[in-house]
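**Student:** The lines below spell out each chain.
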Amino acid sequence: MSMLEQIGEFVDDRGQLLSATDLAALRSNVALVDSLTYRRTPAFDSSSAFFDGTPGFYYGSNDGQQRWRVWKGAVRWQTGVTTLNVNGRATRSTGGSEVLTVYANGVSLGSITPTGGAFSFTPGFTGYADGEIVTIEIRITGSSWGEDGEYVIYGIYVTPITYSPSWPGVPTFAGVYSADKLNQLVEATNWLYGRMAAVPMVANLAIMHQLGPYRLNGNITAFGSPMFYGSVLRGYTEDSVTISVYLVNARTPGTRYKILLNGSLVETGPTWGVGVWDTAVVVDLSGVSVGSRAELSIFAEVVTENAAGSPEAFNYWSFAVIRSQPDYDSGVTYPYATLDATSAGDSTVSTTTLNSFLNSLSTALSNAKSRIDANSVIFGRSYAMRWPYSPRDRTANVELEQHRARPRLVRLSDRLIISGKDVKLGFGAISVPVKDGDAQYGGYVHQFEEGVIDGNVDETTIVYLESIKGLFPGTAYLGVGTVKYMAEIL
Amino acid sequence: MARPLQEVLDDDTPRLIHDGETIEFSLEPQWPLKSLEVNTGLKDTTAFDGSENFAETALIITDLTGQTIAQGIDGYGHQLIVGAQQVTIAVTNFASRPIVLWRVVLRGEPITAGEGGIVSVGTGEEERQVGDNPYVQSRGHAERLANLILTFYASARAAVELEGCVYDPDRYVGEVVNFTATRWSVFSEPHVIVRAAHDQTGAGASYTLAPVEGIPAATDYYMVGSFNYSGLSRAVAF
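Line order of the protein sequences matches chains Z and X.
Going left to right, the first sequence walks through residues 1 to 490 as the working numbering numbers them.
Going left to right, the second sequence walks through residues 1001 to 1238 as the working numbering numbers them.
Think of the hints as simulated: they come from the structure by calculation, not from any bench.
We treat Cβ as the ideally placed atom computed from N, Cα and C, and that holds for glycine.
Any given hint might turn out to be false.
What the hints assert, rightly or not - Some, not all, of what chain X presents toward chain Z, calculated at C-beta under 8 Å:
no.	residue
1	S1026
2	S1138
3	N1228
4	S1230
Claimed, not checked - Facing chain Z, according to a computed beta carbon distance under 8 Å, are these residues of chain X, among others:
no.	residue
5	L1005
6	L1009
7	E1161
What the hints assert, rightly or not - Residues of chain X clear of chain Z, computed beta-carbon distances all greater than 12 Å:
no.	residue
8	I1060
9	V1121
10	A1142
11	T1201
Chain X extracted, bound-state conformation (with noise of 0.2 Å):
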């Protein structure tokens, strides 16, 4: 989430910078910024065009005597690059004089991460725990996946191995095929192919596969499209 504005960056490295010279350094704040103050006000970090310049307050720059040297050409003029979480700053001395950067003070909106949460879907006592991950933004999200994950994993699948198979290049994970085995009394059952390996040769395979019976197709559902569903009646997803 955003926070209010605030003071993001604070560096207080001494720079010289020579008559004539431009330095050029990368400074990175402790959250993302989801905006900087420049001298027109706070700005997107989306937005910088390399055409933007720091408030006179931003940079504190003097020359060996301490006195203050200003922003321009008879000062310091500086390019800025910002990124969501690096901001790359080039100052030039046009002062005729050495001059020193003493401090840089950044003000903006950064961003921060809220409170995690933890969703949980089914019942009994077999439970599965699914790790965080950064993309899951939001409850429903997180719920939509914790139920496809269940729909799943609720019913044990025990894997069949396949050895000794002909090779069939046509054959990828991921594809559901139907499998028989007569003495198991396994009739044209849908399968999932989870594993798929070739001899050396070439000439014979190895399968693993999952029985996929009692999983919701894709024409289960409605789906977002051209198509008229009207009269018919379907389920609605996760």
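This is chain Z alone, in the form it adopts within the complex (with noise of 0.2 Å):
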């Protein structure tokens, strides 16, 4: 299913006029390719909290959890794929022997040494099903290690994405209105979109409400208590970082929040006390090449706890949103095409204003094609989704490890691939119950929630969004349940 208008077969010298409806959805079409090619793309999620495992955290197992992971998610084979590729940066633990082992499905794809520094892994990666949702874990192994490596994953996906039609490229208009030339028109809207269609937009996780400390012992490292780790990509020039901040703090005087680019502090918030606080915080990366990843990292500060032996409480942190973007509210936009007006139906124009159009529409098809060719970090990779951060097996405690942070996706497209079991879509607005009298942040729920894969067995499907009632496109929405992938193709 595909969001571009459908237009009728051109025919030459039967009779066929040249109308303003088709004109207009061709010039529709044409735009909406155009801005497909823009992409907005989120942060790729390492680590969250210390208690999940996280860089300088990765200590004991003796309550059963397990700390040795560094990443569990899954990516999408699909047919043309030979490679994964997972980078990031890694440090071993003081005195440790420890190297971090890829597996796939559960099988070893080869391990990564610690170096100290950045590291790019890149096994090959074939013997999957076209579709196939494949399980990837990097685990800590090896004979010794201590609790304070450092390990960032910066990206994980499968190259390369094949798409086997050839461009049929773009007609030039100087007067004759052939058949040949306007249905060459639209296999070039439709091959750019399919093209674009042939690399899927996967969903990160939310962090809806994540534990932050409330006293100043809990600043567990010069910038406070670890809330997330991860990479950022500044895909086209425009891009900087939004980041969407919200903290309800029951019982602390003063805390706040830290987000450090590539480990240097960025942005230090207000200090905020007891109360519910929002704001979205937007991040220069004008420092990072165009097609190249940053580590982002956030920590929640402690700045003024409560005196000793005073009501204390967890403060609950979402960062519901980290994406690269444009800074809309500073006038910031994607270079968008320019195209010719449709000419209204049963009005005369001359041909010098019809070519114009016409070739408007070539134009920005052409530019659109070059742009998809040069930006290979965001069309020629499929990337992985990361599970619920959880250092247990998704054995124990589940409900509310995945109340924490849910794979989160606004709604592009008409299509949604998800794998799992027992999923529901959430959207709309969200509202946490009271229990007597105490608000039970981690049981949110959402006003509308609707089930797309039923049953306790693991399943890989595809959701016809359009037919979710209230799931307009431009909706946030997030995958409630056992989610082990989840992504929109065009």
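Both chains come to you apart, so use the hints to assemble them.
**Tutor:** Here you go:
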């Protein structure tokens, strides 16, 4: 199913009038594919809070948890893929001899040796079925290691992305409006749409309520307590990073967030006391090369604590959106194509005007093709999705951990690939139940929840989003339940 | 629009199949099907070629003691003919004893109609309503048709009845002819023939004409084709 408007085939010399309706549909489709070549990209999730295993805190497993796990999630294999790519940085624990072993569906693909700097691990990745969701896990292995290793995953993705139909090229119009040329415009539009559809738009984890510290001794690093580690992409010149910050502070006199880019502090939030707070932070990416990723980390820091013996409570931090996009509030936008206006039906136009209109469509399509070809970091990779941050193997406390961070997408297309079991899509207003006067933040519910995978058996399916009432294009929604992979395709 | 994968048919009619017998029956899902789930996954209904089989869960079959009968040469076989809104299933008993097909449960992606819409064109007090048409599936298509209707009906066009004419076999309904009536001060104005009839002898004929003066002709528009319009101006159609 395509979001393109359907246009009937053009036929030569059979009395087919050149129709304003068809021209408007052509223009609308060209504008759509042009806009889709600018893809806002969510952060790639590496890890979250210290109790789930995060840089510097991979300690003990005496409670049955698995803090040797660095990363676990899934990627979608598709025909043509040959290579898994794992990028990041890794520093060994003090006195340790560990390596990071990468597993696909539980089978080792090899190991990464932490060198104290960046790594790129690119094992062969074949033997799967088209569309198969493959589990990827990275574990600390070796004879000995301590708790203070630092491992940050910047990206896990498969390459190459192949799209077999040949590019039809674009026509030039100079007074002859033949079926060949008009159909070529339609084919070029369809080709671009299909090419972009070959790259899924993969969900990232929206941190809905992570537990933040409430005492000064909760500042377990120089910046506070870790909330998020991952990477952000500067996919286009106009990209910066937008981060939504939301805090429910029940008891702490003063706390704030800190944001680091490539290890350097770039944002320190205002000190917030008791109350509910929210803001949107824009992190400048002008120091990051276009086409490159940068490490992003977020910390929660206690500035002032209560007197000893006072009632205390965790702070609930939410970072539901961490995404690369233009700083719209400052007037920055992507440079979308400028297309000539469509003439009204039954109105007289000169060939000069008509040629200019049709050629503006051709130019926009040609530029869109070049933009896709040049942007291999977005259109040459299919990324993996991290599962909820957890040191556990999804056997205990699963509900709570899924509530903390859930896969999130903003509806852009009509098709959703989703894998997992007992999955619903949650959207609309979020409400928090109150029990005995206390808000149960961990038990938040969505106004609308639509079941997409029933039962307790793993399944991968395609959901046609148009069929879900109220899930309009542009609506944000979360995967609720055991979601193993979630991505929209055009 | 295609709906998500879901149960599309649940038929619980018990059907007894004797040893070696084949029964064939047709079931009609509530909605047309885009795809149907078979043992290899979802398959578009247009791609069925008769080689498909349902998964074991689709056909609930036991022998008369209640023991489950599986697909295969010691159980049952089946063949499918799948259309958009009819699934024909032929089940053959290989089990060497009577078996019962208790239930058929099929999953697939149904197609359901989206919400209808209304387009209106033109202004004024006079209104002409055009009914639903199942072949109109987009707003653009509806607007185009509405504009064409408006173009013809926006002006009152009095019908002209012609009686006692000489029968001319070359005249046909839909033909545009020039009509002259000196007493009415009508001189060679284009009219479309909306009715043509001849009398019993075939010598005389009567016609009904409708004036089409002012309605644009095809030559007023750009047409898809090999003609070079450079330097000319035409209209784009609705």
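**Student:** Now, for every hint given, state plainly whether the structure supports it.
**Tutor:** Checked hints:
1. S1026: violated (27 Å)
2. S1138: holds (7 Å)
3. N1228: Interface hint status for N1228/X: holds (5 Å vs cutoff 8 Å).
4. S1230: holds (3 Å)
5. L1005: Interface hint status for L1005/X: holds (5 Å vs cutoff 8 Å).
6. L1009: violated (17 Å)
7. E1161: Status violated, d = 31 Å.
8. I1060: Per Cβ check, I1060/X is outside 12 Å of chain Z; nearest 17 Å; holds.
9. V1121: violated (10 Å)
10. A1142: violated (10 Å)
11. T1201: Per Cβ check, T1201/X is outside 12 Å of chain Z; nearest 38 Å; holds.
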